[in-house]
Amino acid sequence: MAIQAVHVPESLDDVIACSARGGRIMGGGTALMPLVNSGAAAVTELVSLRRAGLCGIEVAEGVATIGAAATLAAVGEHPRLAFLRPALRTIASPTIRNQATVGGNLFVAQPYGDLGVCLLALDATCEIAGPDGRRDAPVADVLAAGTAAGEVVAAIRITLPEPGAWHYHKAMRRRLNSASIVTVASVAAPGGRRIVLGGVAPRPVRAFSAERLLDGRPLTPENLTEAGEAARADIDPFDDAYASAWYRARVLPVHLRRAFLP
Amino acid sequence: MTYRLAPIDTGAFAAERDDTGLTVVGSVVQRSDARGHVTGRTEFFEDVAPPRLAHLKMHRSARHHARIAGVDVTAALAVPGVLRVLTHADVPNNVYTVLKLIGVEPDDEPVLAVDKVRYLGEPVCAVIAETEAAALDGAAAVEVSYEDLPHVLDVEEALEEGAPLVNEYQGQNHFVYEGHHCRRIRFGDVEAAFARADHVFEWRYQSSPIEQAPVETTGCVVVPQADGRLRIHSDTQACFFTLDNTALILGTPFNRLRIVGGTVGGGFGGKVDVVVEPIACVAAMAVDRPVKFVYDRAEEMQVSSPRAAERIVIKDAVMDDGRVTGRKVTLYVDAGAYARHSPYGTTKAAAHLPGPYSIPNVWADCHCVFTNRTPSSAMRGFGVTIADFALESQMDRIARALGMDPLRLRLINAYRDGDVKAHRKIAEGTALVEVIQKAAELAGHDLPEDCRRMSSTTREGL
Amino acid sequence: MPSQIVSLVVNGERREFIAAPGATLLACLRESLGLIAAKRGCAQGACGTCTVLVEGRPEASCLVPVETVAGASVRTLEGVTAGGELDEVQSAFIDCFATQCGFCTSGMIMVAEALLERNPDPSEDDVIEAVSGNVCRCTGYRPIVIAIMEAARRRRERAVPR
Numbered sequence: 001m002a003i004q005a006v007h008v009p010e011s012l013d014d015v016i017a018c019s020a021r022g023g024r025i026m027g028g029g030t031a032l033m034p035l036v037n038s039g040a041a042a043v044t045e046l047v048s049l050r051r052a053g054l055c056g057i058e059v060a061e062g063v064a065t066i067g068a069a070a071t072l073a074a075v076g077e078h079p080r081l082a083f084l085r086p087a088l089r090t091i092a093s094p095t096i097r098n099q100a101t102v103g104g105n106l107f108v109a110q111p112y113g114d115l116g117v118c119l120l121a122l123d124a125t126c127e128i129a130g131p132d133g134r135r136d137a138p139v140a141d142v143l144a145a146g147t148a149a150g151e152v153v154a155a156i157r158i159t160l161p162e163p164g165a166w167h168y169h170k171a172m173r174r175r176l177n178s179a180s181i182v183t184v185a186s187v188a189a190p191g192g193r194r195i196v197l198g199g200v201a202p203r204p205v206r207a208f209s210a211e212r213l214l215d216g217r218p219l220t221p222e223n224l225t226e227a228g229e230a231a232r233a234d235i236d237p238f239d240d241a242y243a244s245a246w247y248r249a250r251v252l253p254v255h256l257r258r259a260f261l262p
Numbered sequence: 001m002t003y004r005l006a007p008i009d010t011g012a013f014a015a016e017r018d019d020t021g022l023t024v025v026g027s028v029v030q031r032s033d034a035r036g037h038v039t040g041r042t043e044f045f046e047d048v049a050p051p052r053l054a055h056l057k058m059h060r061s062a063r064h065h066a067r068i069a070g071v072d073v074t075a076a077l078a079v080p081g082v083l084r085v086l087t088h089a090d091v092p093n094n095v096y097t098v099l100k101l102i103g104v105e106p107d108d109e110p111v112l113a114v115d116k117v118r119y120l121g122e123p124v125c126a127v128i129a130e131t132e133a134a135a136l137d138g139a140a141a142v143e144v145s146y147e148d149l150p151h152v153l154d155v156e157e158a159l160e161e162g163a164p165l166v167n168e169y170q171g172q173n174h175f176v177y178e179g180h181h182c183r184r185i186r187f188g189d190v191e192a193a194f195a196r197a198d199h200v201f202e203w204r205y206q207s208s209p210i211e212q213a214p215v216e217t218t219g220c221v222v223v224p225q226a227d228g229r230l231r232i233h234s235d236t237q238a239c240f241f242t243l244d245n246t247a248l249i250l251g252t253p254f255n256r257l258r259i260v261g262g263t264v265g266g267g268f269g270g271k272v273d274v275v276v277e278p279i280a281c282v283a284a285m286a287v288d289r290p291v292k293f294v295y296d297r298a299e300e301m302q303v304s305s306p307r308a309a310e311r312i313v314i315k316d317a318v319m320d321d322g323r324v325t326g327r328k329v330t331l332y333v334d335a336g337a338y339a340r341h342s343p344y345g346t347t348k349a350a351a352h353l354p355g356p357y358s359i360p361n362v363w364a365d366c367h368c369v370f371t372n373r374t375p376s377s378a379m380r381g382f383g384v385t386i387a388d389f390a391l392e393s394q395m396d397r398i399a400r401a402l403g404m405d406p407l408r409l410r411l412i413n414a415y416r417d418g419d420v421k422a423h424r425k426i427a428e429g430t431a432l433v434e435v436i437q438k439a440a441e442l443a444g445h446d447l448p449e450d451c452r453r454m455s456s457t458t459r460e461g462l
Numbered sequence: 001m002p003s004q005i006v007s008l009v010v011n012g013e014r015r016e017f018i019a020a021p022g023a024t025l026l027a028c029l030r031e032s033l034g035l036i037a038a039k040r041g042c043a044q045g046a047c048g049t050c051t052v053l054v055e056g057r058p059e060a061s062c063l064v065p066v067e068t069v070a071g072a073s074v075r076t077l078e079g080v081t082a083g084g085e086l087d088e089v090q091s092a093f094i095d096c097f098a099t100q101c102g103f104c105t106s107g108m109i110m111v112a113e114a115l116l117e118r119n120p121d122p123s124e125d126d127v128i129e130a131v132s133g134n135v136c137r138c139t140g141y142r143p144i145v146i147a148i149m150e151a152a153r154r155r156r157e158r159a160v161p162r
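Chains as they are written, first to last, in this note's numbering: chain A, 1 to 262; chain B, 1 to 462; chain C, 1 to 162.
By construction, these hints were calculated from the structure, which means they are not laboratory data. We treat Cβ as the ideally placed atom computed from N, Cα and C, and that holds for glycine.
One side of the interface only, derived from the structure: several residues of chain B facing chain A at Cβ under 10 Å: (1) Lys-57; (2) Asp-137; (3) Ala-140.
Modelling step: build the complete structure from the supplied sequences, incorporating the hints.
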């Protein structure tokens, strides 16, 4: 379908108004524009977030509020978000990280969307704006079910992890710029350790089985391998050009272990 | 990081270098095209922008194998901006084969499908429109109704009795070589060699199709000239081959066409077939406007011809001392639905057997097989590369089975000057022994003295 | 929505042109402005040959609807060749044989320019990461990495007054 209009609203209210009229919200376009270019996107109007004032990143009292249209590059360059830098460097290329956005990353299909894996591990909160006002939603809900028609994710809030509490590892076919075979992100928080997996299900999944096994136990190679084997109960892997479902399940324990013991 | 700027390694083979007085060999010569590349001024085919350029997009088969019951272009013509929809009836000589230029028969491939489709993605209708987006919409709006036929996607299944017939123009699911069912080598008596051998090793090798994936996709821009000629800007790797085939398809004298080419954004064999130019020429004449037909990335991956998948079975007669005394090879090239360059590629594979070794008894059957898959064609040493993978894997496995240094196994069997090869040619100018010796030295692999004394010009050590 | 007039600052010069709705920055550069150095390779952001600098940062121009960057500063390979003089990256690409078919060259040079602007003394790993979004199917990556290292060296030497 040919594009009939591209809206570049300059405020969140205008974004919502454009979206209400049927436009498709677009962050950096790295997922949507390939479909537009090949004529495969069922969309005639685009609403770009590029100038909607949603690019800001603020950190106060241990909480970061990241505008949905902040690029992955901007997040990686922010001094207070340095813990995410290694994860971001595993996502696409520097060029694409200049375009892809934090919000957009929540809406790409696995095995892409490693930042979404991180945000789920961090138990992020999405600030959602829509015709009926604002609401907050756990990132888990957005990853699972998206947003309602006419709504837009405006920002994402995360609590910064304590030093040493954050772990991330991504297995890929190449050292750089390759999609996930297995992605592991984990945060140790007062309420317990959260472990989230990417690349092994249609959307990022919490490895509840692994979390339970590791509860109160030291992160030894044996315990981690056992947890990785248990985590096979939490995944729903798929075949693609990067790896088979069998391979993803097979190597999951190895990579879960490497997330903690490189 | 240490690096050298020029790709000339004066350190290697230093002792063998002497002052020959050569002024170019061994010196750094700048590429003549580099300045254009680094300034962005090199003109690739898609960089020409003639006024009133129209765009062509293809409606392609959604089936592996099906009879076409009907084609409805009404909805496509109704798309705003669509100028024309071409079918096979618009192409003067619709059925062709590219190697007819060197006498290969029969014509076996339609430019646009006639009564059936033989692979997923086969072109059915060409939609010409004012814009690329309109051409895409138009192509999507063409409606083809199919009656499915059983398809065959495996070379050995295709050769079985009762397999679905892929290509009626060929008449059977293999290419016929001067009356024979395959390209053959018969030299000595392999069965006798197997009977006398200390060991018989038989292994099977299989490759997948490999897409050349040039960064610049296949395409052309055809510009009608005031004098009635057509100027074709193309990224073909074979300008004159393309010109001749296009003229034959159009039924025009060769001098009505002019090809502007030679600048190819990566080809690797994938731009040797003549698939975009003929229909783009028909389109340009039909609308009397310049027309661009360029594959998108998905088309490049799905329908541009890859390196053929091959299946190779090698059975060797081997003595305890490592001599290979007999080699029997059964090789299948998956040509896909149409011949293109595969009859030639299969012949190349046969010509390459049994590898660079002097084996006194050789038997080979090399089959060029038609299946309902994307037609395969040229890619970097096609016919030879996969055979080499199989042959050298076989040598390694034999060496392992015998507990022998794999280089020694190769040195024992390497051809020497004066050997009669399986094709009954006398080998001359051979250098495999010396190449292996040098490679071993560079890799720090210690060859024993008797191996180091071997030579391509003597029987030393045999 | 009809075509509209879009304005960009391209290679330091303000340019205005008419763009159809949703036209990509790549299409506008090539078709409206005649700047052909950036190429279309995949139209998916996967090959890097369309890379240009938007406000100094590399972007895949095939993924950018031009309306979204209206008014922005854009730099293409044509803008690197100032007054017919090759810069250090371009001359190093020639001297190090970092071009083969030439189709990826524009994108490679643009990411190199952006890298050296931010990091005049990159490590080999930095260079490899910078070009990790750019495909060279002639597979001449090694000479490309060498050329960018060499360009960095030449630029640093030039910057030191002698």
